[in-house]
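Number of protein chains: 2
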Amino acid sequence: MHSRRFVCAALVIVALPLALRAQTLQEKIRAHRVAHESELIAEFRDFVAIPNVSSDHENVRRNADYIVGMLKKRGVAAELLTIDRPGANPVVFGEVRVPGATRTVVFYAHYDGQPVNPKQWAEGLAPFQPVFLTDTVEHGGKIVADWQPGQPVNPQWRLSGRGAADDKAGVMMILNAYDALVKTGGVPSVNVKFFFEGEEEIGSTNLGAILAAHKAKAAADLWIICDGPRHVSGRKVVSFGVRGDVNLDLTAYAAKRPLHSGNYGNFAPNPALRLASLLASMKGDDGRVLVKNFYDDDVQFSETEKLAVEEASFTDAQLLAELGLKEPEVPGRSLLAGFELPTLNINGITSANTGKLAANIIPSTAKATLDLRLVLGNDWQRQTGRVLEHIKAQGWHVIDHEPTDAERAQFAKLIRVEVGQGYNAQRTPMSLPLAQAVVAAVQSTTSEPVVKLPTVGGSLPLIIIEQVLGTRVLTVPSVNYDNNQHAENENVKVQYLWDGIETFAALMTMK
Amino acid sequence: MHSRRFVCAALVIVALPLALRAQTLQEKIRAHRVAHESELIAEFRDFVAIPNVSSDHENVRRNADYIVGMLKKRGVAAELLTIDRPGANPVVFGEVRVPGATRTVVFYAHYDGQPVNPKQWAEGLAPFQPVFLTDTVEHGGKIVADWQPGQPVNPQWRLSGRGAADDKAGVMMILNAYDALVKTGGVPSVNVKFFFEGEEEIGSTNLGAILAAHKAKAAADLWIICDGPRHVSGRKVVSFGVRGDVNLDLTAYAAKRPLHSGNYGNFAPNPALRLASLLASMKGDDGRVLVKNFYDDDVQFSETEKLAVEEASFTDAQLLAELGLKEPEVPGRSLLAGFELPTLNINGITSANTGKLAANIIPSTAKATLDLRLVLGNDWQRQTGRVLEHIKAQGWHVIDHEPTDAERAQFAKLIRVEVGQGYNAQRTPMSLPLAQAVVAAVQSTTSEPVVKLPTVGGSLPLIIIEQVLGTRVLTVPSVNYDNNQHAENENVKVQYLWDGIETFAALMTMK
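Residue numbers (the working numbering), protein chains in the order written: chain A, 65 to 575; chain B, 65 to 575.
In short, the hints are calculated from the structure, not lab data. Hints are not guaranteed to be accurate.
Residues from chain A that face chain B, not an exhaustive set, calculated with beta carbons under 10 Å [as the list claims (entries may be wrong)]:
1) Pro322
2) Leu323
3) His324
4) Thr407
5) Pro427
6) Lys431
7) His465
8) Asp469
9) Trp562
From the three backbone atoms N, C-alpha and C, an ideal C-beta is built for every residue, glycine too.
Make a model of the complete structure from these sequences and hints.
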């Protein structure tokens with residue numbers, strides 16, 4: 065049996081190297097997190113369990129109230145910023161003034177989520193019943209059925225749920241970074257503002273108006289956005305720009321009612337075929353969008369930006385294998401190089417049913433939703449206008465409502481096009497001094513070189529912030545790249561939550 | 065106040081013309097029906113309320129048992145004809161031998177129905193909760209909410225429900241024709257066999273085997289099929305042929321999981337776009353199928369058949385207006401002329417979601433179900449082979465299973481094609497004497513000229529009957545043309561049920 069004295073001596077020896085130097089900020093933050101993992105997980109699971117589809121205003125409001133509670137628990141006075149528009153979701157705002165700080169930074173995340181179709185989620189998963197998975201569903205991940213609240217969580221596990229990654233993870237990382245910083249005796253180097261939006265997934269329709277109405281509160285030297293995934297390699301990222309975005313809903317009409325395909329085949333036009341022809345006419349097999357003037361006003365990457373993209377490049381072969389693809393849409397073009405160009409994407413097509421549900425009919429309508437991503441130089445209204453012109457040039461009569469009998473009698477090819485609210489792309493110059501400080505702060509938390517992206521592929525309404533406030537914006541994407549955001553089986557890897565807390569604590573103390 | 069005597073005298077005068085001559089068969093049948101409408105409606109509503117999707121074997125069996133009960137109630141011994149194959153639905157069979165009869169006629173209908181998607185049905189309607197409508201949903205028909213069982217039914221009303229028209233109406237008409245005939249003292253002129261199939265809507269997969277196993281029971285001089293709609297004008301129809309049919313399910317694959325359209329746009333291929341291109345390549349805007357050799361082996365209509373089609377032609381303008389179409393798929397070609405040609409129809413397309421459910425993703429798969437209608441001369445396996453060759457010629461690698469990782473790594477364009485069980489077209493020569501007797505019988509029940517169609521547009525596996533039994537087959541379609549068969553809001557017009565009872569009573573006493 066070992067003597068008690070011997071054990072104590074061993075502990076002293078092991079602890080010595082750490083005691084000889086001051087603990088780094090990262091070490092303090094990490095130790096605090098390790099000691100509080102159960103509470104952090106419990107709070108985050110409860111948060112993800114609140115339904116947050118942007119259009120579900122009642123539940124969105126429950127999320128806002130929950131975040132207010134999170135802020136208060138951390139000693140931050142919180143309030144809801146709203147405007148007087150029907151259906152506008154509130155921003156959750158909080159502020160910490162730091163004596164002596166000369167700069168103010170807004171930390172942004174959004175708490176609303178994309179629509180969900182629960183039937184498309186894997187067995188045992190539901191959008192708002194978060195569970196732990198051993199890996200992604202696509203990689204054979206299984207539900208950790210025997211885990212109980214309070215038990216340790218493997219950092220390789222994923223927590224499933226709509227918003228788990230996009231973007232409640234952002235709220236979680238930012239708030240816990242601040243909390244860990246303060247609880248371990250740290251002081252932010254900047255005045256910290258918390259700004260959590262509730263309408264990002266529907267195009268931030270009211271963000272401009274909210275900012276304009278609350279200019280003093282939103283004012284800052286810099287906005288830092290926490291949204292989107294880290295690099296495929298796992299490296300941390302600072303992004304200098306985002307693409308813009310706009311959606312179009314198309315509905316092609318044929319006969320007023322679904323028709324027996326035998327009794328009416330070769331007579332009644334098929335809207336699914338006609339819509340397929342239209343969609344096929346929009347983009348070639350070579351991946352090039354065929355809509356006239358589609359690429360006319362793109363601002364190409366500068367030399368500095370091109371170099372950064374090259375530095376950030378990685379083996380697409382690994383990504384392709386992971387996605388189960390032989391080659392990208394345009395063989396030879398890398399994922400990151402594609403971010404320089406606008407996109408035209410089909411989000412979905414629906415016309416009657418397929419497979420076991422299919423019936424031998426000629427459908428009465430066929431629908432598609434398009435997503436246009438925009439790069440610097442594009443204007444969302446000009447870009448959707450080009451698509452509309454293309455549709456008309458294919459012989460369609462475009463309407464914005466259900467067709468009347470008179471319109472049906474007059475036009476053989478009738479299509480309803482509904483253009484959503486869009487916004488343009490935003491890019492911050494890579495040379496900005498404040499941007500260098502952000503890169504340095506993120507770099508202080510990782511031994512791998514930080515990836516600097518001129519733009520990410522995704523979209524955020526950052527241009528609105530620039531336009532209304534005249535403030536620069538940078539993004540620090542922090543979740544795993546295989547998070548299935550916007551789709552079924554969305555998940556966040558636990559280790560990335562832990563890493564994100566360290567990243568944002570570093571940003572709150574940046575030099 | 066009128067005297068009682070005066071009223072009686074008036075009745076005698078009105079009744080006199082009828083009393084002077086014997087009541088016709090049709091008058092007797094009609095009078096019997098009028099006296100028993102409540103019972104007929106009650107029984108039929110109960111019948112339609114039993115779910116009958118072909119693949120729902122348990123409920124299909126409940127339908128079969130219900131029909132057995134209907135036969136027994138009419139004094140006909142009934143039995144189920146089956147074969148020893150898993151999932152084979154039974155045929156309900158009954159037989160009435162008539163002393164002195166020299167011919168035997170099988171009266172056929174099917175009691176199974178197409179798949180249903182209840183969400184697509186109009187508000188208040190459900191596939192298996194039949195209700196009365198004042199008109200079709202598309203014509204603004206409303207549910208007759210205040211109707212109670214036992215109350216009179218307006219013959220212009222529709223009864224809603226899957227199978228109400230296609231083809232439980234056939235079972236209803238045939239059994240009630242026999243019942244009315246016998247109950248009013250009539251005797252069939254032929255031995256009557258009842259043959260009700262339970263797998264017509266899935267291609268009559270087992271019909272050949274069932275016929276072969278029960279040849280003596282199925283033997284007859286003629287099969288008369290009650291299925292499909294009467295002429296658009298409302299005229300009664302005898303059809304001499306049907307088209308063949310086969311389905312193909314296509315699934316185009318891209319990345320293994322749905323991807324964020326911003327983070328992966330311009331990199332990951334979109335399966336919806338690729339499937340749209342493929343479908344667009346199959347059929348031109350001029351309505352012509354572009355699959356190589358698609359029209360190579362059609363047997364064109366003979367001169368007699370062409371004349372019949374011309375005689376049957378009607379103003380397509382009225383139909384187009386009713387369907388809300390400016391013009392047919394091929395402007396200038398009539399509905400009936402199109403029956404001479406095979407079809408390639410898209411039953412449906414599904415890839416992720418559209419409209420409010422849409423998310424900004426690149427879908428992982430896109431599916432389409434195709435329906436090929438075949439005419440005399442076509443072979444279903446040859447025709448599907450042509451479509452498969454076309455798909456390959458567009459650069460697709462065709463598989464019949466979920467792709468393996470090895471296949472994903474080897475082929476950029478992967479598509480799964482599942483070919484259903486098909487059957488060929490059938491046409492009986494218009495000159496056949498037995499066919500003339502059928503036309504005469506139907507003509508005896510209507511003052512309008514009977515429409516004689518060389519073929520209907522729809523499909524029935526009549527070729528199987530011809531091949532296995534060597535027996536000729538004719539079809540007497542009897543429901544309203546706007547019945548939405550195969551689709552949501554299926555309905556049968558009550559007057560057509562009453563008319564059908566008279567038609568089949570005449571056929572059971574044909575000369």
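Here is how each hint holds up against the structure:
Checking proline 322 of chain A against chain B by beta carbon gives a least distance of about 3 Å; that is within 10 Å, so the hint holds. The interface hint given for leucine 323 of chain A is met, as the beta carbon of that residue sits about 7 Å from the closest beta carbon of chain B, less than 10 Å. The beta carbon of histidine 324 of chain A comes within 5 Å of a beta carbon in chain B, closer than 10 Å, and the hint placing it at the interface holds. Proximity of threonine 407 of chain A to chain B holds as hinted, the smallest CB-CB distance being about 4 Å (cut-off 10 Å).
Of the supplied interface hints, the one on proline 427 of chain A holds, with its beta-carbon coming within about 6 Å of a beta-carbon of chain B, less than 10 Å. At a threshold of 10 Å, the smallest CB-CB gap from lysine 431 of chain A to chain B is about 4 Å, leaving the interface hint in force. Because the closest C-beta pair between histidine 465 of chain A and chain B is about 15 Å apart, greater than 10 Å, the hint is violated. The interface hint given for aspartate 469 of chain A holds, since its Cβ lies 7 Å from the closest Cβ of chain B, which is under the 10 Å cut-off.
About 22 Å separates the beta-carbon of tryptophan 562 of chain A from the nearest beta-carbon of chain B, more than 10 Å, and the hint is not met.
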